[in-house]
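Visitor: Listed below, chain by chain, are the residues.
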Amino acid sequence: MRASSCCLLIVACGGEGAWTVETWGEEYIEQAIPADVFADGCSVVYDAFVVSMAEVALFDGDGTRVGDLGGPAFYDMVVPGPTPMGEVGVPADHYSSVELLVASDPGPSVEVAGTLTCGAGSAHFQWAFDESTMYGCVPADLTIPPNASDSTQITIHGDHLFYDGLENQDATVRGAEILAADADADGEITLDELDAVSIPALGYEVGQFSDVLTLRQFVSHLTRTIGHIDGEGECRVDF
Amino acid sequence: MWILGLVAGCIDPRLAMDVPVVAGGADAADLTTSDGGTVLIEEATVTFGDLRLEQPAVTVASVLRALSPIQAAYAHPGHDYPGDVAGELLGTFTVDLLAEDAELGDAACYEGDYATGRVSLAGIAALVAGTYTNAAGDSRPFRFEVTADQDIVAIPFETTMSLADPPEAVSLRFDLAAALAYVDWTAPDTDGDGTLTIADADYDNTVRFGIVATPSWSLAVVR
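So the sequences go chain by chain: A and B. Per our numbering, the very first residue in the first sequence carries number 1; after that it's consecutive. Per our numbering, the very first residue in the second sequence carries number 1001; after that it's consecutive.
Hints may contain errors.
[As the list claims (entries may be wrong)] Between beta-carbon pairs, the in silico distance windows are:
(1) A:T172 / B:D1096: 33 to 39 Å
(2) B:A1187 / A:D36: 43 to 49 Å
(3) A:T64 / B:R1143: 58 to 64 Å
(4) A:F239 / B:G1049: 22 to 28 Å
[Stated by the list, open to error] Pulled from the structure, derived: some chain B residues nowhere near chain A, Cβ distances all over 12 Å:
(5) A1016
(6) L1098
(7) N1205
[Unchecked claim] Residues of chain B placed beyond 12 Å of chain A at every Cβ, according to the derived structure:
(8) V1019
(9) T1047
(10) G1049
(11) D1084
(12) L1104
(13) N1134
(14) G1210
Derived by calculation from the structure, the hints in this document are not laboratory data. Idealized CB from N, CA, C, for every residue including glycine.
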């Protein structure tokens, strides 16, 4: 209610302010996903985590786009951040709708590389994904005053690629099954090797996405859940 | 005062109705497997609880929405964004999938649009037993007792209910053939007891995958 009252005051005043946007991959991408995050004691260090952000836009309460950051840009989340994405002038108001488009044109939408370690075993991976995803995000309290600014952070969650469920809220982060996918034991887990692993046999749960039948499809689907807002803020994805 | 009541969420202006819920399952007791074999189903039940029917999810955030006492539920890591519950039938139900449709009771439903439904699984969610016969004619009995503790979410239920044209019933069905489609029937009887169970090979995972997969469940209105 506090924010809404503030909004009414601002609308009465009119004017323009600045919407500033940054992005951050948090410690999980910049440094490591430690073993205590994984249910099976594995850990991950990313070498690269590049996200193609084709569009970041702000909408008012009527669904009208009031500002966006312009064309596509690539961000490697392993670079220490938060990284500024841009700033745009918008009408002073209280906002509750931000859209993020992660798209594959040009290049992959998400490309990751790193090392997965489980106990004494470890393997490298380098995966590129082409799926485009529109995230509809609801900032908790984005109020842009006249002649001043407020900010939004596009937060990327690097642990999501290792979840063992697509819909169940008690899904855990696991690595052993992905490490075991390195069928030729050459120390490199390829997408083709992930594609050879059956999800039904693995016991991972897919909920409504029963067309996800291989580990490659599973991880690919998870790349479409990495976008968040202002840390832990959830974004809606229409798959 | 009425307006104040609306703002406070104390008065819901929608009209409510009771809608019978019926449930059933497979039309045929014989299934053909991907390896050319057949499965004769001799026993099949599913057990679930608390059917909830949900309105379309709010998709456009607005300043007005910030005033609402109702907030969208956001799942993590899954992205399950149901609308508000507008109809429900609470309780625990076991449905014989080989029998005639069973009437579970009356769901209390509001008038309006619906988009999805969900049921809860807790404990033994499914019991399926019968005989698998491969293409060469060799037969093995099976008995799968699958436990689960989770919700089956986002079951499609796009319909509108109104007192002016009330549905005869809401039908909840479980597609046993779809649920068993992921089973590798050639996997071995690991413990050698002569019956395929979830203790053997990957049967626990492959049977469970189909049982908890949303597309195995369906909802529809009967008019």
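Visitor: If a hint holds in the structure, say so; if it does not, say that too.
Guide: The hints, checked one at a time:
Restraint check, T172 of chain A to D1096 of chain B: a C-beta distance of roughly 34 Å satisfies the suggested window 33 to 39 Å. Distance hint for A1187 of chain B and D36 of chain A: a CB-CB separation of about 35 Å, inconsistent with the stated range 43 to 49 Å. About 60 Å separates the C-beta atoms of T64 of chain A and R1143 of chain B, a value consistent with the hinted range of 58 to 64 Å. Taking 22 to 28 Å as the suggested C-beta distance range, the pair F239 of chain A and G1049 of chain B conforms, at roughly 27 Å.
With a least CB separation of 28 Å from chain A, A1016 of chain B remains clear of the 12 Å interface cut-off, as annotated. Under the 12 Å C-beta cut-off, the non-interface status given to L1098 of chain B relative to chain A holds; the minimum distance is some 23 Å. A cut-off of 12 Å between C-beta atoms contradicts the statement that N1205 of chain B is not in contact with chain A; the least separation is 4 Å. Distance check for V1019 of chain B against chain A: the nearest CB is about 24 Å away, which clears 12 Å, and the non-interface claim stands.
T1047 of chain B, annotated as away from the interface, keeps every beta carbon of chain A farther than 12 Å; the closest lies near 18 Å. With a least CB separation of 17 Å from chain A, G1049 of chain B remains clear of the 12 Å interface cut-off, as annotated. The beta carbon of D1084 of chain B is kept farther than 12 Å from every beta carbon of chain A, the shortest such distance being approximately 15 Å. Chain A leaves L1104 of chain B outside its interface by the beta-carbon criterion, the shortest separation being 23 Å against a cut-off of 12 Å.
For N1134 of chain B, the non-interface assignment is confirmed: its Cβ lies about 19 Å from the closest Cβ of chain A, beyond the 12 Å cut-off. At the 12 Å boundary, the C-beta of G1210 of chain B falls inside the reach of chain A, the nearest C-beta of that chain being 7 Å off.
In summary, the numbered hints that this structure violates are 2, 7, 14.
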